[in-house]
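Work out the full structure: start from the sequences and follow the hints.
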Amino acid sequence: KQEVTQIPAALSVPEGENLVLNCSFTDSAIYNLQWFRQDPGKGLTSLLLIQSSQREQTSGRLNASLDKSSGRSTLYIAASQPGDSATYLCAVRNDYKLSFGAGTTVTVRA
Amino acid sequence: GAVVSQHPSRVICKSGTSVKIECRSLDFQATTMFWYRQFPKQSLMLMATSNEGSKATYEQGVEKDKFLINHASLTLSTLTVTSAHPEDSSFYICSARGQGGGYTFGSGTRLTVV
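In order, the protein sequence lines correspond to chains X and F. For the working numbering, count along the first sequence from 1 and bump the result up by 980. For the working numbering, count along the second sequence from 1 and bump the result up by 323.
Source of the hints: derived by calculation from the structure; they are not laboratory data. Keep in mind that the hints are not guaranteed to be accurate.
Lysine to any residue pairs mimicking SDA-like chemistry, simulated, CA-CA at most 25 Å apart [to be verified]:
| id | chain 1 | residue 1 | chain 2 | residue 2 |
| --- | --- | --- | --- | --- |
| 1 | F | Lys387 | X | Arg1052 |
| 2 | X | Lys1077 | F | Ser366 |
| 3 | F | Lys364 | X | Leu999 |
| 4 | X | Lys1077 | F | Ala325 |
| 5 | F | Lys364 | X | Tyr1056 |
| 6 | X | Lys1022 | F | Arg333 |
| 7 | X | Lys1048 | X | Lys1022 |
| 8 | X | Lys1022 | F | Thr398 |
| 9 | F | Lys364 | X | Glu1036 |
| 10 | X | Lys1077 | F | Val385 |
| 11 | X | Lys1077 | F | Phe362 |
| 12 | F | Lys337 | F | Thr398 |
| 13 | F | Lys364 | X | Thr1025 |
| 14 | X | Lys981 | F | Leu369 |
Following this line, the structure appears as structure tokens:
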């Protein structure tokens, strides 16, 4: 059974600081890994999708890396802003199912 | 990009009644949709996989007679919580797999059973 762990569970930083969010998974036989953002009481917004053959994906201030063999992914958010405050979830796909981590709740202080 | 619409966003119902939640793929066809449940400050737990034109596949521990899933078309899946009780109060989210292998999620439904 795939288990996904996200560390830290919560993070508070001053505006402008770079964010580093970690995700680890136990079964490396994945199709892809996806990072999502969730605002309180809302659904999930996809941020980045990394296929199993890829090492990283970038979108604006966001960069996600994937090391499938070691079962790790890292989401980097450069120059954080108060609007980046949210919970970030990583999800790995095995077969057709997604397994989620518990998320990292980020607070960016103005 | 792919959009999944979920309604209602919030619903309050009396104990013993049934509630239907709709999940629509707006600009793509989804032969498979997924239903998740999320408890406060916890991650998403897959409840069932909804397959167009066939029976849903439920995860272990999920009561299929309580959580009825219908996927009658390529763009619509519904989840009906039957005879709801306060312990069914939760946040329910649907998703669909789009082209490229990524998943798109609905905006979620906050169910409160009183």
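**Message:** Check whether the Cα positions of Lys1077(X) and Ser366(F) lie no farther apart than 25 Å.
**Reply:** holds, 15 Å
**Request:** Quickly compare the C-alpha distance for Lys364(F) and Glu1036(X) to 25 Å and report which way the hint goes.
**Result:** violated, 28 Å
**Prompt:** Keeping to a limit of 25 Å between CA atoms, is the pair of Lys1048(X) and Lys1022(X) held or broken?
**Reply:** violated, 30 Å
**Request:** For the pair we were handed, Lys1077(X) and Ala325(F), check the Cα-Cα distance against 25 Å.
**Result:** holds, 19 Å
**Prompt:** Is Lys1022(X) close enough to Arg333(F), meaning Cα to Cα at most 25 Å?
**Reply:** At roughly 11 Å apart (the allowed maximum being 25 Å), Arg333(F) and Lys1022(X) satisfy the hint.
**Request:** With a cut-off of 25 Å on the C-alpha distance, tell me whether Lys1077(X) and Val385(F) pass.
**Result:** holds, 16 Å
**Straight-line alpha-carbon gap Lys337(F) to Thr398(F), limit 25 Å** = violated, 29 Å
**Asked** Is Lys364(F) close enough to Tyr1056(X), meaning Cα to Cα at most 25 Å?
**Response** holds, 22 Å
**Request:** Would you check the hint for Lys364(F) and Thr1025(X), treating anything up to 25 Å between C-alpha atoms as holding?
**Result:** It holds: about 17 Å lies between the C-alpha atoms, which stays within 25 Å.
**Pairwise hint evaluation, Arg1052(X) against Lys387(F), where the allowed Cα distance is 25 Å at most** = Violated: Lys387(F) and Arg1052(X) sit about 35 Å apart, past 25 Å.
**Request:** Verify the proposed pairing of Lys1077(X) with Phe362(F), using a straight-line Cα cut of 25 Å.
**Result:** holds, 19 Å
**Asked** Within a Cα-Cα threshold of 25 Å, do Lys1022(X) and Thr398(F) meet the stated pairing?
**Response** Given pair Lys1022(X), Thr398(F) holds - Cα atoms ~21 Å apart, limit 25 Å.
Violation of the numbered hints given earlier is confined to hints 1, 7, 9 and 12; the remaining hints are satisfied by the structure.
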